[in-house]
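S.K.: If you want the building blocks of each chain, they are given just below.
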Amino acid sequence: MRTLKLLWQLTIPSLVRQPAQPSLGLRRDPAPSVWSYRYQRLMLTPFYRRLVKVGLPVGAVLAVAALWLASDDHRALVAAKYDAMMDAVRERPEFMVTAVEIAGADRALTAAINEVARIDLPVSSFDLDLDALRRKVTDLTAVRSAQVKVNPGGTLEIAVVQRVPVAVWRYADGLRLIDGEGVMTGMIAERADRSDLPLIAGDGAKDAIDESLRLFSAAAPIAPRVRGLVRMGERRWDMILDNDLRILLPTHDPVPALERVIALDQAQQILDRDVGVVDMRLGDRPTLRLNPVAAASLREAIAANETVSVAPIQEDH
Amino acid sequence: MRPLYQTQRAMRAIRRAALQRGVIAILDLGTSKIACLVLRFDGPERAGGADGVGPMAGQTQFKVIGHAVTRSRGIRFGEVDSMGETERAIRTAVQQAQKDAQVRVDHVIVCLSGARPESFALSGEAEVEGSAVTGWDIGRVLGSCDVPDVGLGREVLHAQPVNWALDHRTGITDPQGQVGRQLTADLHLLAVDAAAIETLLLCLKRCDLECAGLASSAYVSGIASLVEDEQELGAVCIDMGGGSTGLSIFIRKHMIFADSVRLGGEHVTGDISMGLQVPMAQAERMKTLYGGVVATGVDDRELIPIGGDTGDWEHDRRVVSRTELIGIMRPRVEEILEEVRARLDWAGFDQLPSRSIVLTGGGSLIPGLDGLAARILGQKVRLGRPLRVQGLPQAATGAAFSAAVGLTLFAAHPQDEWWDFEIPPDRQSARSFRRAVKWFKDNW
Chain A
1 MRTLKLLWQL TIPSLVRQPA QPSLGLRRDP APSVWSYRYQ RLMLTPFYRR
51 LVKVGLPVGA VLAVAALWLA SDDHRALVAA KYDAMMDAVR ERPEFMVTAV
101 EIAGADRALT AAINEVARID LPVSSFDLDL DALRRKVTDL TAVRSAQVKV
151 NPGGTLEIAV VQRVPVAVWR YADGLRLIDG EGVMTGMIAE RADRSDLPLI
201 AGDGAKDAID ESLRLFSAAA PIAPRVRGLV RMGERRWDMI LDNDLRILLP
251 THDPVPALER VIALDQAQQI LDRDVGVVDM RLGDRPTLRL NPVAAASLRE
301 AIAANETVSV APIQEDH
Chain B
1 MRPLYQTQRA MRAIRRAALQ RGVIAILDLG TSKIACLVLR FDGPERAGGA
51 DGVGPMAGQT QFKVIGHAVT RSRGIRFGEV DSMGETERAI RTAVQQAQKD
101 AQVRVDHVIV CLSGARPESF ALSGEAEVEG SAVTGWDIGR VLGSCDVPDV
151 GLGREVLHAQ PVNWALDHRT GITDPQGQVG RQLTADLHLL AVDAAAIETL
201 LLCLKRCDLE CAGLASSAYV SGIASLVEDE QELGAVCIDM GGGSTGLSIF
251 IRKHMIFADS VRLGGEHVTG DISMGLQVPM AQAERMKTLY GGVVATGVDD
301 RELIPIGGDT GDWEHDRRVV SRTELIGIMR PRVEEILEEV RARLDWAGFD
351 QLPSRSIVLT GGGSLIPGLD GLAARILGQK VRLGRPLRVQ GLPQAATGAA
401 FSAAVGLTLF AAHPQDEWWD FEIPPDRQSA RSFRRAVKWF KDNW
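For the record, the sequence lines run as chains A and B.
Numbering-wise (UniProt numbering), the first sequence opens with residue 1 and increments by one.
Numbering-wise (UniProt numbering), the second sequence opens with residue 1 and increments by one.
Here chain A stands alone, though its shape is the one from the complex (with noise of 0.2 Å):
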């Protein structure tokens, strides 16, 4: 302000007369000018005073945002810096997930949840996506359900409730094994591996395995004969016994069907025969079928023994 003034004194304008000062007794007039009054009457009206007082800095900052952030080095740089701030966040010990935890599985399924959860330990818990995981685990064939957490400390629990195969199913690839439910829950390459288990065949067994599994019970007095069950047209079952003795179950109420040939085997030991199959199919008239060489032995004696009476055929036409 000084060196203007002093500047200003050097110039020839400055030595013309200046208009008298007002004297300092006399008070300056107080008036506002038209425009600083109009001003101020502007500025207290409410949408310009909010205009002033917070539009315009905010418009400022954000004026100069955008200014900065048009250059694609400096956007890289906010990215940059957001994803190290992020990092440092997720990389903390308190977010690290250390171990694994699998329960309720055997060592089988164990190794196969393993195989497929593959989780590169240690992973932050914010990277884990459990629910990915937890439809991952549970598309086993052997898991029934599975439920999967990260504890505090670190580990991630993943508690699984495992089928139990109820029953072995050959089918066209191989043996399998399958749930109460008629789901797969794994395969095995020979039957003595699961002995235990009953054995079913056919297609549509497994829909059916209910039935098959009341059928096993019932079947419970002639176990140890027992070599399977076969699914006949997706509809009935064929009950197996060791010499190919084929018992042929109807489609509906298989299981009286069945105790009815045990009764029978229990009174005239019918299984112990050589007969070669046994039709249950229609209830009110079982039918036997007599293996060839017993067939031929049984046409031989009627030949040979016309009086031999055997049940007489009634024909109603």
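Hints listed in this document are in silico derivations from the structure and should not be mistaken for laboratory results.
Built from N, CA and C at the ideal position, the CB exists for glycine as well.
Certain hints may be false.
As the list claims (entries may be wrong) - Straight-line Cα separation of at most 30 Å, DSS-like style, residue types lysine-lysine; simulated pairs:
1) Lys63(B) with Lys33(B)
2) Lys136(A) with Lys206(A)
3) Lys205(B) with Lys33(B)
4) Lys99(B) with Lys53(A)
5) Lys63(B) with Lys53(A)
6) Lys253(B) with Lys380(B)
To be verified - Example chain A residues on the side facing chain B (calculated, C-beta under 7 Å, incomplete):
7) Pro30
8) Gln40
9) Leu44
10) Thr45
Use these hints to put chain B onto chain A, whose structure you have.
M.R.: Frame of chain A, contents of chain B only:
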């Protein structure tokens, strides 16, 4: 310019809008000072009493939130003398008050003391249509008043019904809903110079302000400084201002007469300035600090240094005794009071049942004035100070602010005036029909 009658109606609408917005300014344009108060109205729901009469008679519904006083410029005898100066003074006051209130004010109610007010008494009567009196009947009664010849270039500032009579019962405050046949009204009409008002309105317009009401300062200082029973029983309020002295006579809570004497405190100051050869500012200072109207023995010994800045050593170091000062002031004050007395006599003030005299305004602060006034005007003299309103700063509670405070009351509770009642429908419909016909003629 529209006739003032239309302007008053428009102002009433503006005032209603301003009250709805909640902020209104009042402006007391005096000869020696301009006071501006900013009022905030909180709406009727916060107005205290359930039956409409709160502890402060309904005055709690507004609050003074801004206040400014500035020296008045460009106003003489309560009238605008120089528009530019007046405009600047108004701007100063309004800007300060706005700054104080931190709110923008668009509407002002103004009072002015000059413009030669003149009172007229009117009466009108009409038959009541139907059984009870309705607003239309009142409108017709008011319409039937024969307007007196108020003079050329004069306009009506106030036109207030002061008395109602129904058949043979007179003194009815509010005839609406009452049963009767012949309704009679007495009106008090105050006429002022139209030019002064128009100039004032122009000044306000140039300050970007909208005028929401006009009032005579004699009337509003009467509202503020007369207590209720004085207004009821009959009293005169003498507002001793700077350039003019207003007087308003109240009875039964209505103003029935108003006048103004074009003499005031500025003339006393001028006398001192001339008599003692000092500048006006110095004379004003001596008047306010040492002035009086009754000299006693001790005043002879009280020497007042006059001071001055003329450069003449002897002239600047004169002293004057207080008695001399009183000797200069007293004749002028007596003259003012004599003038007031003449107006009161002319108005028939001595016929009133109770003749209280209330002195207010800045001039009433002269010590000993009440004694002098009692000798000249009448026995029952008191000095009046304005009513206390909420939020009024201490600096504005003195007698000099009675007009400003009265304006706040006027803003809050305006009295019914002529233009508040609707024009009777028969005339209105005829006119609007004529207007419709004219519109058709003009357009087809």
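S.K.: Restraint: Thr45(A) near chain B, CB-CB cut 7 Å. Satisfied or not?
M.R.: 5 Å, holds
S.K.: For the restraint on Leu44(A), tell me whether the closest CB of chain B is nearer than 7 Å.
M.R.: 4 Å, holds
S.K.: Check the hint pairing Lys205(B) with Lys33(B) against an upper bound of 30 Å on the C-alpha distance.
M.R.: 20 Å, holds
S.K.: Are the Cα positions of Lys99(B) and Lys53(A) separated by 30 Å at most?
M.R.: The given pair, whose Cα atoms are some 17 Å apart, holds under the 30 Å limit.
S.K.: For the pair supplied as a hint, Lys63(B) and Lys33(B), is the alpha-carbon distance within the 30 Å limit?
M.R.: With Cα atoms ~22 Å apart, Lys63(B) and Lys33(B) stay inside 30 Å; holds.
S.K.: Going by Cβ atoms only, is Pro30(A) closer than 7 Å to chain B?
M.R.: 5 Å, holds
S.K.: Does the closest beta carbon of chain B sit nearer than 7 Å to the beta carbon of Gln40(A)?
M.R.: With a closest approach of 6 Å, the Gln40(A) hint holds.
S.K.: Does Lys380(B) lie within 30 Å of Lys253(B) when you go C-alpha to C-alpha?
M.R.: 19 Å, holds
S.K.: Would the pair Lys63(B) and Lys53(A) pass a check requiring their Cα atoms to be no farther apart than 30 Å?
M.R.: Holds, at roughly 27 Å.
S.K.: CA of Lys136(A) to CA of Lys206(A), is that 30 Å or under?
M.R.: 24 Å, holds
Going through the hint list in order, the structure satisfies each hint without exception.
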